[in-house]
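There are 2 protein chains.
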Amino acid sequence: MTIKIGILGYGNLGRGVEAAVHQNADMKLVGIFTRRDPVSLHTATQGVAVRSADDLLSGDRLDIDVLVICAGSATDLPEMTPRYARRYNVVDSFDTHAHIPDHFSAVDAVAGEAGTLALISAGWDPGLFSLNRLFGNAFIPEGKDYTFWGRGVSQGHSDAVRRIEGVADARQYTVPVESALEEVRAGKNPELITRQKHTREVYVVAEEGADRDAITEEITTMPNYFDEYDTTVHFISQEEMDRDHSQLPHGGFVLRSGKMASGAGSVIEYSLKLDSNPDFTSSVLLAYARAVARMSAEGQKGCRTVFDVAPSYLSPHDNGYLRSHYL
Amino acid sequence: MTIKIGILGYGNLGRGVEAAVHQNADMKLVGIFTRRDPVSLHTATQGVAVRSADDLLSGDRLDIDVLVICAGSATDLPEMTPRYARRYNVVDSFDTHAHIPDHFSAVDAVAGEAGTLALISAGWDPGLFSLNRLFGNAFIPEGKDYTFWGRGVSQGHSDAVRRIEGVADARQYTVPVESALEEVRAGKNPELITRQKHTREVYVVAEEGADRDAITEEITTMPNYFDEYDTTVHFISQEEMDRDHSQLPHGGFVLRSGKMASGAGSVIEYSLKLDSNPDFTSSVLLAYARAVARMSAEGQKGCRTVFDVAPSYLSPHDNGYLRSHYL
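Each protein sequence line maps, in turn, to chains A and B.
Numbering-wise, the first sequence is residues 1178 to 1504 according to our numbering.
Numbering-wise, the second sequence is residues 1178 to 1504 according to our numbering.
Where hints are given, some of them may not hold.
Pairs count within a copy or across copies, as identical chains cannot be separated in the list.
Claimed, not checked - For lysine-lysine, the following DSS-like pairs were computed, each having C-alpha atoms within a straight-line distance of at most 25 Å:
1. Lys1181 - Lys1436
2. Lys1436 - Lys1478
3. Lys1181 - Lys1365
4. Lys1436 - Lys1205
5. Lys1478 - Lys1374
6. Lys1374 - Lys1181
7. Lys1205 - Lys1365
8. Lys1374 - Lys1205
9. Lys1478 - Lys1321
10. Lys1478 - Lys1365
To be clear, the hints were calculated from the coordinates, so they are not data collected in a lab.
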């Protein structure tokens, strides 16, 4: 079975999915869909159709097994995922944790009625980190959860700094506090406040004549984004920014620590170290697209999350191979 | 729904499952079954029925949702799991990797015909480590796999040393080589031979007058068990053995390291640090017993492994709670 993949949205994530299709021999990219003028897109893949997103909904339903929707969670996905789930199996990476239940309900209603299968919030957090929070709680019923992020670029925090007057460019790194991580790993189950878990490093290109002290003050006191953290601000040149900070690395750690009924301690740790956040997220999206294609072929419909997917659906190998080689 | 758990076999693992039931509010222990004389068992739980294993198969089928079979993989489980799957949903921790396909087939044939549901090879390896090998390959299609075990007690290696002439008692620890782990974590994808991944530490109580040099020589040159490793042998007193080496700690690391289509590196690491190998394994067995009870209630039958279980089945919480709290 070759899985026919469509990509809707052609930013960092869409380009990542496009590239990742070539690492999955059981998949084929059948179209890239955009809300921009299709002629304006310069895609990496030769010979793949680039079409208007409108073509997905007008005329005949296109021959696509799973449409991977690569768009922002703030305003795009809440509107786009239900819209396209009316006609296609879809996967998205909706990552606004607080709004997941609403998004799930909206998508489930549409997909359930249309007979399509949708999977929302795939990626690494939400996604793989979520899985490990669930697993940790199931296997260590009495314990504590810890999630640390970084070292990695937070695009939301970088954007917030860029909006400050006098800032020409900015990049924000979230950094886990190593000593806190070590305490958790040692099974000490510490109570950690925000400031004790992460620090923030900001690299700023200031406009000529800008007041650097004022910029630093505005960053470090910014409510929600920085005021509860120890933040370091570094002023650099645009050349340094382009040379040293053009990538989007990220990662982090999910830990569950607790005691078995006997009192014996157990610590589970899951971590990711990613040179490129969007490239890895793209690869995860495709593994879940594979699961969606198979579960849909079995007749499943409605909305799912990573919690609902048996691991075997994620692998291109059959169950006999998995038992022989991975179990 | 309260899940009625039966335990078959009352060694380290059976005792661990018995204790772990009390950490799972949705479960109830309804019986401990033994192939020994039931009167000889001194159980930790007050008021739970202790019965002969024969009672499971003679007379009426007992009211048990899932029977957790706590026995050895070498000779017991290949015979016991199919036998009891004729009447009960079962979970086991069969861990002889090379024989898993045969064990699966035997159990699947019986359970499929009887209409029961069986899950084999639950635990941490096989089990959680297997899951992470599958996940790693699905999310990083082009990369390398690494599994390191320890620091922990290998009971098979300890037993092998105890069989040497002049050895009164022995405990063997498998120890991962930290520098190799660091190379893997750094994304260097090293080729590692056996000796480069683990060392072995052996603690020996020698009988009086025994030839210690001969014992050391026999250990370090023992085929399969020690000859491919750098092994250190320490002679200690029985008092030291009892004081310092009475626990069964274990754990290890599963890593997947590779490159995304763009060339960006990704490393996934999963690790366990367990004060008690059997206690943690017991807790994992119960989480999979929960899944078996639910999947059986849905009408599933036959044999399954950890690869076939959607994560949500492992948690006592409903799907809405999981989406709100863990996703």
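Structure-based check of all given hints:
Taking CA atoms no more than 25 Å apart as the test, Lys1181 paired with Lys1436 passes between copies only; the shortest distance there is 23 Å, against 46 Å inside one copy. With identical chains, the CA atoms of Lys1436 and Lys1478 are never at most 25 Å apart, being 39 Å at best within one copy and 33 Å at best between copies. For the identical chains of this complex, Lys1181 and Lys1365 are neighbours neither inside a copy (48 Å) nor across copies (34 Å), given an alpha-carbon limit of 25 Å. In the homo-oligomer, the alpha carbons of Lys1436 and Lys1205 lie at most 25 Å apart only across protomers (20 Å), although the nearest pairing inside one protomer, at 47 Å, exceeds that limit.
With identical chains, the CA atoms of Lys1478 and Lys1374 are never at most 25 Å apart, being 40 Å at best within one copy and 46 Å at best between copies. Within a single copy, Lys1374 and Lys1181 get their C-alpha atoms no closer than 42 Å, and across copies no closer than 41 Å, so neither meets the 25 Å cut-off. Within a single copy, Lys1205 and Lys1365 get their C-alpha atoms no closer than 48 Å, and across copies no closer than 30 Å, so neither meets the 25 Å cut-off. With identical chains, the CA atoms of Lys1374 and Lys1205 are never at most 25 Å apart, being 42 Å at best within one copy and 38 Å at best between copies.
For the homomeric pair Lys1478 and Lys1321, neither the shortest alpha-carbon distance inside one copy (35 Å) nor that between copies (35 Å) is at most 25 Å. For the homomeric pair Lys1478 and Lys1365, neither the shortest alpha-carbon distance inside one copy (44 Å) nor that between copies (42 Å) is at most 25 Å.
Consistency note: the structure conflicts with the earlier hints numbered 2, 3, 5, 6, 7, 8, 9 and 10.
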